[in-house]
Amino acid sequence: METIYLCIIIFLFVLAVFDLIVGVSNDAVNFLNSAVGAKAASFKTILFIAGIGIFIGASLSNGMMDIARHGIYQPEHFYFAEIMCILLAVMLTDVVLLDVFNSMGMPTSTTVSLVFELLGGTFALALIKVHNSDTLALGDLINTDKALSVIMAIFVSVAIAFFFGMLVQWLARVIFTFNYTKKMKYSIALFGGIAATAIIYFMLIKGLKDSSFMTSENKHWIQDNTLMLITVFFVFFTVLMQILHWMKINVFKVVVLMGTFALALAFAGNDLVNFIGVPLAGFSSFLDYTANGEGNPNGFLMTSLLGPAKTPWYFLIGAGAVMVYALCTSKKAHAVIKTSVDLSRQDEGEEAFGSTPIARTVVRISMTLANGISRIMPDGSKKWLDSRFRKDEAIIADGAAFDLVRASVNLVLAGLLIALGTSLKLPLSTTYVTFMVAMGTSLADRAWGRDSAVYRITGVLSVIGGWFITAGAAFTICFFVALVLHYGGNISIIALIGIAVFILIRSQVMYKKRKAKEQGNETLKQLMQTTDSTEALQLMRKHTREELSKVLEYAETNFELTVTSFLHENLRGLRRAMGSTKFEKQLIKQMKRSGTVAMCRLDNNTVLEKGLYYYQGNDFASELVYSISRLCEPCLEHIDNNFNPLDAIQKGEFSDVSEDITYLIQQCRKKMENNEYNDFEEEIRRANDLNGQLSLLKRKELQRIQSQSGSIRVSMVYLTMVQEAQNVVTYTINLMKVSRKFQMETEMP
1 METIYLCIII FLFVLAVFDL IVGVSNDAVN FLNSAVGAKA ASFKTILFIA GIGIFIGASL
61 SNGMMDIARH GIYQPEHFYF AEIMCILLAV MLTDVVLLDV FNSMGMPTST TVSLVFELLG
121 GTFALALIKV HNSDTLALGD LINTDKALSV IMAIFVSVAI AFFFGMLVQW LARVIFTFNY
181 TKKMKYSIAL FGGIAATAII YFMLIKGLKD SSFMTSENKH WIQDNTLMLI TVFFVFFTVL
241 MQILHWMKIN VFKVVVLMGT FALALAFAGN DLVNFIGVPL AGFSSFLDYT ANGEGNPNGF
301 LMTSLLGPAK TPWYFLIGAG AVMVYALCTS KKAHAVIKTS VDLSRQDEGE EAFGSTPIAR
361 TVVRISMTLA NGISRIMPDG SKKWLDSRFR KDEAIIADGA AFDLVRASVN LVLAGLLIAL
421 GTSLKLPLST TYVTFMVAMG TSLADRAWGR DSAVYRITGV LSVIGGWFIT AGAAFTICFF
481 VALVLHYGGN ISIIALIGIA VFILIRSQVM YKKRKAKEQG NETLKQLMQT TDSTEALQLM
541 RKHTREELSK VLEYAETNFE LTVTSFLHEN LRGLRRAMGS TKFEKQLIKQ MKRSGTVAMC
601 RLDNNTVLEK GLYYYQGNDF ASELVYSISR LCEPCLEHID NNFNPLDAIQ KGEFSDVSED
661 ITYLIQQCRK KMENNEYNDF EEEIRRANDL NGQLSLLKRK ELQRIQSQSG SIRVSMVYLT
721 MVQEAQNVVT YTINLMKVSR KFQMETEMP
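Letter 267 of the sequence shown, counting from 1, is numbered 267 in our numbering, and no numbers are missing.
Think of the hints as simulated: they come from the structure by calculation, not from any bench.
Everything numeric in this text was worked out from a predicted model, so none of it was measured.
Accuracy of the hints is not assured; some may be wrong.
Stated by the list, open to error - Straight line, CA to CA, 20 angstroms or less: simulated PhoX-like cross-link-like pairs of lysine-lysine:
#, residue 1, residue 2
1, 698, 737
2, 525, 582
3, 670, 741
4, 542, 582
As the list claims (entries may be wrong) - Simulated DEER-style distance windows between Cβ atoms:
#, residue 1, residue 2, range
5, 675, 360, 38 to 46 angstroms
6, 357, 505, 19 to 27 angstroms
7, 603, 711, 53 to 61 angstroms
8, 529, 385, 56 to 64 angstroms
Ideal Cβ placement from N, Cα and C applies to all residues, glycine included.
Could you build the full structure based on these sequences and the hints that come with them?
Printed below as a string of structure tokens:
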């Protein structure tokens, strides 16, 4: 029996390594988004500084492990076998759940996931124990206060962080303006002193409060001398920042990098329990059981877990090394950072989220309030405020999403709020606070204009919704996993471990496929960062080829799927084609928007010469998608209502010509992908022949209608199919013609 539990412990530590990698991928956004978004240094430099903070924080951390030992369940009432069941269920759920969020590029809270997984697994076993016992109640087995405090902290931290982020950034922008270099002769020393002092305070209070060297005497001394320490630090850093400013060193960059280090240190020191706390609790339980359990896992109570955690140093250093490795190598971490940075971006660009009714309502209400305030505000005050928010004067590094002023406020304010929450014993999540501060500061900076606000709000609501989904999913999944493990025994353990491994492998494969499909986004990213108009034109051409090739690939696949499904009365295929069409319409809107923003990177002469062809290409691509939509919709309705199918003559006629249309689209797609238009005249002749054949089919069908030889309903859908097929041919060729003119250096006839 001990061998089985030893295998479970080993597997828990294997999962812990995956959990560290997955968790760092998710939580990297907490301490990297400000420095990365403002380009405070090179990406490698930022990673190096954050990596040092993570390693030091992890190596010094020894506290915070107690939440996995006795924070949610009351271990004195649980047997060893039951504790192992809960802990294995938690780890299986945690790794898979966080990996799903990371694959979607959505940040979530590892603290919330851990707490609700522990709560779900404990609740499942507690129900069984209460049912089988006359003396135990749920209150004896579950620490409900901890879970309720986390839920309350969610609401409190989201609202407070967003509000203060907006307020402090508005004040900072009024003081420094977007052209901050002209306004910081002496104010920068004061700002830098306050910021650096706040960061040091944050490191002492939040980052190192549970470190192994932080004895109770040290804690009491810091607590008794807090005011004196703050005063000394403030004077020292104010003088230091003024000297650095005189030495032409950008103080904002210093503050941003200090804040990045502090947040990374605090993250590793305080959130390490989210990743290795459960395996360490299992390891401690196993050692106690092997020493005192007498071979009875179902009769040995885990009272030992009530004691404080004593984590060996090699576990901490090993965890720190894994976290640093994950930070530097994880592509998913970069995707999560991109989501947060994109939602904070100062200028317009490609929006990752769509529009929702809630977001549109929020924007309308906000505009109404803003207009009301504007009407009662004196004109002089409005002009003065507008002069402080002139975004055309913004000093933003090439490729950066926002400036260093906002990055500094993000880090300093997030650190202060987290430190405040710690001093008030509120379990604030670093993810919640840092993300919502970033959203509040971006709103105060007027980064959410009328053309982007609805998309940004949708993104914020999606991320916030994801946090609550995390809590519900963590509780529910872990609840059922714990039940399966409890009743299924060794077979269920092997089966669930296999399922978890399969999900992780499949997630990696799907993630790589999706990233390959998003390669065009990388071209657009390069285009938005370049300042060379010649390079911009080449990147614009490449981006256009990639996007329009995807449209032709969609047209080829869905035209064939629609026609084949209709001719064979395949309702599922038609529904799949209709769903794909709806999704493609959204992509077309996004493509038009991002392309229009990207055109601003080209010089005026190029825009005048090539711009018309680009916009015509987008219009023809849109018409092509809508033609397939108009083809699919009546076909779906016809089959869904079980109407009579086409007769044999109609099927034969349309089947032959549809194959030629699919071949035409395929050839056009290949030419566009290879940027090869030399023998394009052959495709034009083929398209003219197809249009002639389709016109002939229409005349034949009209003759059949006149002779009343078939169903009017069938004739109507058939004529619609022929007409939309003709549109598909026409728009495909027109798309290729304007694409050729846009791609070629010399003007084509």
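We went through each hint and held it up to the structure:
no.: 1; hint: 698 x 737; verdict: violated (26 angstroms)
no.: 2; hint: 525 x 582; verdict: violated (26 angstroms)
no.: 3; hint: 670 x 741; verdict: holds (17 angstroms)
no.: 4; hint: 542 x 582; verdict: violated (26 angstroms)
no.: 5; hint: 675 x 360: 38 to 46 angstroms; verdict: holds (40 angstroms)
no.: 6; hint: 357 x 505: 19 to 27 angstroms; verdict: violated (38 angstroms)
no.: 7; hint: 603 x 711: 53 to 61 angstroms; verdict: holds (59 angstroms)
no.: 8; hint: 529 x 385: 56 to 64 angstroms; verdict: violated (31 angstroms)
When held up to the earlier numbered hints, the structure conflicts with 1, 2, 4, 6, 8 and fits the remainder.
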